[in-house]
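Full structure from sequences and hints, please.
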Amino acid sequence: MILGREVCGASGNVLVSKGSPLSAALGRRLANWGISTLIVEGEEDSHLEENSVLISPEKLKDELMDKFTNVIHKPVMKKLFVAIYQYRVHKNI
Amino acid sequence: MANRIKLLNTLENITSIPTLPIVIERITLLLQNPKTSAEEVGKVITTDQALASKVLRLVNSAFYGFPGKISTITHAIVILGFSTIKSVVLTASFFDVFHKRESDATTFDLEQFWLHSIACGAAAQAIAKFLGSNDKEEYFIAGLLHDLGKLILCQYLPNEFNLALSNAQIKKCLFFESEKELFDVTHQDIGAFLVRRWNLPEHLQNTVLFHHDPNPSSKHFLMTAAVHCADIFVRALDIGNGGDTKIPEMSEYVWNSFGFESASLTGLLDAIRDEIAKATVFLHIT
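Going down the list, the sequences are from chains C and H. Here my numbering is used: position 3 in the first sequence is 3, and no number is missing along the way. Here my numbering is used: position 188 in the second sequence is 281, and no number is missing along the way.
Note that these hints are calculated values from the structure, not bench results. As the structure is a computational prediction, the values presented were derived from the model and not from experiment. Take these hints with a grain of salt, some might be off.
To be verified - Under the rule of at most 25 Å between Cα atoms (straight-line distance), these lysine-lysine pairs were calculated in the DSS-like manner:
# : chain 1 : residue 1 : chain 2 : residue 2
1 : C       : K74       : H       : K265
2 : C       : K59       : H       : K264
3 : C       : K74       : H       : K273
Given below as structure tokens:
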């Protein structure tokens, strides 16, 4: 499994480039940077599952929706949801 | 109501609830005198060598912007100023008192809790900059302390804490909604109780007490609202965990008055992540 998009730091610098192979060590390092989700390509490697830092945009949307589920009917929260989702997909986090 | 009174009485009677080091009070007193010198404050801090060494480690981190350049406490005071040093000492003391105190009576993930608290402090600081405030260190402390009540519950009333945790999971609600339902007391009430007991400033009592519901008429509305937003942004970015998995509602008044409607949130979210990356130094403070 490889990175589907490059991972950028908050200031826009590339931390890991697109296509980099994923490893448990890389997952832990990114988690320490506060990066808890990644967009990936290829088949899932079973040994990476326990690090749970890998996520597709669809799964990210589902997980975010689960967090927002009690408040998504509020207009402000709907706007916040969209902003956060787009940001996380764009930043690959 | 009966549960509320019982829980508050229990809390009042816990004699082992920690106190902050005497250094904090002495510095606060010294800083009330405009003639106080950097050497005098430095001397007070260095009476507690362990604390002084933590303060030096922190001021030399990227978080404060002078990595590896400050060699003495007096030097730190001259460069950073009294207000920042007082914040650093308070932050270091807070970690001294609570960090790494394990509780065998709960499965609550304290590492994730600390990450959430530190990230909220860093996010509140980024929001302070976004709002043009000069008080960023105070915003950091306000964010760091906002869930203090959960630490007290977890460490001193673990049965009630576990009950609230599992109720929040079952009902898929926020931790404070679960507390309110079970005890009619929340971690906001408990945290504010401790902040008062520690004689910390009123604005910190307010941010702890009202971080889930910042009242526009409050004296310290800006800081309280910043912590309210920080908590929400940090949850939405999935950084750490404070005991539940849901997002609290952001006040529409805050959303509008902070200009989130018209501003792109991208710049603010970038700034928040940047501050959080620098603030991870606090995870390794002990």
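Now for the hints, and whether the structure bears them out:
Of the pairs offered as hints, the one joining C:K74 and H:K265 holds, with about 18 Å between alpha carbons and a cut-off of 25 Å not exceeded. Taking the CA atoms of C:K59 and H:K264, the gap is about 23 Å. The hint holds against a cut of 25 Å. A distance of roughly 22 Å separates the Cα atoms of C:K74 and H:K273; the hinted pair therefore holds under the 25 Å criterion.
Of the numbered hints given earlier, the model fails none.
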